[in-house]
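Asker: Which chain is which? The protein sequence lines are A and B, in order.
Residue 1 is where the first sequence starts when you use my numbering, and the numbers rise one by one after that.
Residue 1001 is where the second sequence starts when you use my numbering, and the numbers rise one by one after that.
Just so you know, not all the hints are guaranteed correct.
To be verified - Stretches of chain B that chain A covers, calculated by requiring three or more beta carbons in the stretch to come under 8 Å of a beta carbon on chain A:
id, region
1, 1064-1070
2, 1079-1093
3, 1098-1108
4, 1113-1123
5, 1144-1151
Claimed, not checked - Result set (BS3-like, lysine-lysine): computed pairs, CA atoms no more than 25 Å apart in a straight line:
id, chain 1, residue 1, chain 2, residue 2
6, A, K253, B, K1064
7, A, K152, A, K108
8, A, K174, A, K196
9, A, K233, B, K1069
10, B, K1172, B, K1144
11, A, K253, B, K1069
12, A, K26, A, K233
13, B, K1027, B, K1064
14, A, K108, A, K196
What the hints assert, rightly or not - Restraint ranges, calculated between C-beta atoms of paired labels, are given here:
id, chain 1, residue 1, chain 2, residue 2, range
15, B, S1044, A, E95, 23 to 31 Å
16, B, R1101, A, G88, 15 to 23 Å
17, A, R149, B, R1031, 53 to 61 Å
18, A, Q53, B, N1062, 45 to 53 Å
19, B, R1031, A, Q96, 38 to 46 Å
Just so you know, these hints were derived from the structure itself, not from any lab.
For glycine and all other residues, C-beta sits at the position ideal for the given N, C-alpha and C.
Here is what each chain is made of, one letter per residue.
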Amino acid sequence: MKNNQEDQLETQDIEIALLMEALYQKYGYDFRNYSKAHIKRRILNRFNLSGMQHVSEMIHESLVNHKFVDQILMDLSITVTEMYRDPGFYRTLREQILPTFHSLPYIKIWHAGCASGEEVYSMAIMLREEGLYQKTQIYATDFNPVIIRQAKEGIYSINRMKEFTANYIKSGGKAAFSDYYTAQGETVKLLDTLKKNIVFATHNLVTDSVFAEVNMVVCRNVLIYFDRTLQDKVIGLFVESLPEGGILCLGSKENLQFSIHAPLFNPLIVNEKIYQKKIHF
Amino acid sequence: MIVKNRYEAVVIGSSAGGLNALKTIFKCLDRSFRIPFIIVQHISPDSENYLIQILNDLNRLNVKEADEKEVPRRGMAYLAPPNYHLLVEPDRSFTLTVDERVNYARPSIDVLFETAAEAYRDALIGIVLTGANNDGSKGLKKIKEFGGVTIVQDPENAEVDSMPKAAIRTAKVDHILTLEGIAAFLNDLENPMNQP
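Just chain B, with the same shape it has in the complex (with noise of 0.2 Å):
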């Protein structure tokens, strides 16, 4: 069973067809929508940060570049720069770091996932979306395990499916759904009418 509102930050992972998976859910999301979005997009490490823009004139949450030491503020979405790993501190605050590539990918989905399942707990919701490689597969295992709710978008609507298909061998995932779904589970879950 879903508690309603206790959710306090969403983690997302996406990876090859990312753009276009983002600004769907995005497009999908209530206006109204206003927990807080923390988001790996791999990138290649000189881009710039063009996701943000596009994102934004979507009008939903309120898009940025994760900055260290910002805490997650709701009505906002977070976007890991190019070239850092973002991690969630115990206090909730971001840390960008230049270590080791993970899973070959800086920013990296796992580093996110897990720094955030120890940091949220069981308020924290993890999705991995569209992508070519495994990342996310053991941080979406890891908010299991901490209480937190796992999503996977359904490989079959996947531009890439491969990064579903790991997450859903590797981790217990509570929901597989389309892009259309996902948004549709998070926009109840603040949808007035459902509060207890």
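Next up, chain A with everything else stripped away, as it sits in the complex (with noise of 0.2 Å):
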């Protein structure tokens, strides 16, 4: 015989399965490889908010209102991310990969999980400053399609810049961050000329295909939420994208050492989890 609570959690457990499943019939969004226990905290915080009796609850709702979908979007997305997150990462793209791009006719980098963008303007600002940029083209990705919205703006509260110019600084960077933003009362605007060779797009890394061959994949902090057999199948699509020698960039805690596609790729500088994907294999 089962206590009471054990029993309240198995059931929630349930309702929060069924929950996933009517997200993916309905809409095709797909978070049944994810992370149980991660999933489980964004959608009892969004229940504990709604004012409902039951989790189950949720499920009718998701299906016939859209705002409230797009509220559970915005709860499973990771939306945390800083401008030049983890300096040291910059600073070694920035001394030791980004060297070996001049002698590319063209370069194509592919952000994938993007989030809100402050990474991705981190790249176009890096580039620009070691004289890539005009021959670069970046893609910008995102499952949720408010964030990208929000990624293409390139605003952000003026509260975070001391954060961002620290990390700036801190990777790397040969001007005055202030060079690259203009105030606009609470918040800031990134230069446009910085998004000229970005494009923003929808990309679902869960069930959406390769799209183009890019010379290096920027993928950091998304892999973390994914069950491994997720995880292998997003990095079987970063093989597909990426060329003999391309490059692949995971965050700080992420690896390939458990992968099974962890054969094709080269450890290139250990500590900051930049692999290269072998030549001739």
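Join the two chains into one complex using the hints; note that each chain is given alone, in its own frame.
Answerer: Quick look at the structure:
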């Protein structure tokens, strides 16, 4: 006989699984292979704010109320990011990887799961300072259309500029960071010229396929939310997208060690989780 | 009544003053103690995890940073990495996330405790140590609800007493102990003389 707590836990887990099934069947958003503990925290947060009596009510609401779906998508999106997050990673890119791009006629970079775009603009600024931006095409993608619109705007709270500026300096920035934005009251707007070679688009790593060959994939702090099966599937997309010698950048706590695709990559800079697709494999 | 030998993990939350508190507990642990520790120590986002080296030098549990998908093993202690939440999945593997701060903290003690409570249920021991905020209180409450054992460092002996006091106010606490008392309690769980 289960005790009350365990019974309630089981019920809630089933309700959440059914909610994920509903989102998938109705809208094609597939969270079924995300970390269960993470999904549960986010969904129960929304549930506690909703005033509903049972999690299962969220299933019906998400089937009929598009605003509610947008809200859930936002809850399940990873929206915490910053410019030059992990400055050491950007410094390494600047000093060790970007110089090798000078010999390429054209550079394509894919920011997969770019959220509100902070790291995309960080890259654009760095490419510009290294004299590479003119010949670069950046694809910035996220599954969430609302967040992609935010990314495209390039408008951020002025409160964050102190942190971003400190990161920029630590990453080896070569100008004054304030050169790259204009303040508008409580917000700052990044220079429009930084967007010139960036395409922002919705793309779902779980359900969509590869759309271009790129020289470098940047996908940081996205894979940690996926189970092993889904991680392998998504890394498989990157394998397809990268030519031999192409670069894959992961988050500081992510690695390829346990992936079925590990044999296809050489760890190029182990500490910063920068990998290179092997040549002549 | 405490049933011996049924505990499979110990989760520990500490904040201000936590380094010394953890060192004291480690020093007082028997070298034969093997139940895995999973620890959230509040730490600044860009700091190196120096705590690992310090605790490893004490030669008790083998201390490492928790990796995503890693499953806790006996004889090991796992620390949440700076700037990541540490969650325990239903299959007891670790998940790391970069979600919003909880109680102004990332890693947050509540996030670890609440997920570990569901994963380990009555096989879990939760311990709240010194600290200046109230992170860990809600998590400790949940550990108790799922049948785990709840321990709080005696506020009288804590370097900073807010966090232990908040935990005592919020959760049903089984034991309020000094650091040495906490270590003695844990040692006793694995003492072969006490096995049923």
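Asker: Now tell me if each hint is right for this structure.
Answerer: How the hints compare with the structure:
As drawn, the region 1064-1070 of chain B meets chain A at 3 residues by the rule of a beta-carbon pair under 8 Å; at three or more, the given contact holds. Counting residues of the region 1079-1093 of chain B whose beta-carbon sits less than 8 Å from any beta-carbon of chain A gives 6, enough to reach three: the coverage restraint holds. Proximity of the region 1098-1108 of chain B to chain A, defined as three or more residues with a beta carbon under 8 Å from a beta carbon of that chain, is established by the 3 residues found. Counting residues of the region 1113-1123 of chain B whose CB falls under 8 Å from any CB of chain A gives 5; the rule of at least 3 is met.
With a cut-off of 8 Å between beta carbons, the region 1144-1151 of chain B has 3 residues touching chain A; three or more are needed, and the interface restraint holds. Of the supplied pair hints, the one linking K253(A) and K1064(B) holds, its CA atoms being roughly 13 Å apart against a limit of 25 Å. The hinted pair formed by K152(A) and K108(A) meets the criterion: a straight-line CA distance of about 18 Å does not exceed 25 Å. A threshold of 25 Å between alpha carbons decides the hint, and for K174(A) with K196(A) the separation of about 20 Å falls inside it, so the pair holds.
In summary, the hint linking K233(A) to K1069(B) is supported, as the alpha carbons are separated by about 16 Å, within the 25 Å threshold. A C-alpha spacing of about 7 Å is found between K1172(B) and K1144(B), which places the hinted pair at or below 25 Å, so the restraint holds. Pair hint K253(A) plus K1069(B) holds up; C-alpha atoms about 11 Å apart against a cutoff of 25 Å. Under the criterion of a C-alpha separation no larger than 25 Å, the hint pairing K26(A) with K233(A) is consistent with the structure, at around 22 Å.
For a cut-off of 25 Å, the pair hint linking K1027(B) to K1064(B) stands: about 17 Å separates their Cα positions. The hinted pair formed by K108(A) and K196(A) meets the criterion: a straight-line CA distance of about 14 Å does not exceed 25 Å. The given range of 23 to 31 Å is respected by S1044(B) and E95(A), whose C-beta atoms sit roughly 25 Å from each other. For the pair R1101(B) and G88(A), the supplied restraint of 15 to 23 Å holds, since their beta-carbon distance comes to about 22 Å.
The hinted range of 53 to 61 Å is satisfied by R149(A) and R1031(B), whose Cβ atoms lie roughly 58 Å apart. With their beta carbons about 47 Å apart, Q53(A) and N1062(B) fall inside the hinted range of 45 to 53 Å. A hinted range of 38 to 46 Å for the beta carbons of R1031(B) and Q96(A) is consistent with their spacing of about 44 Å.
Of the numbered hints given earlier, the model fails none.
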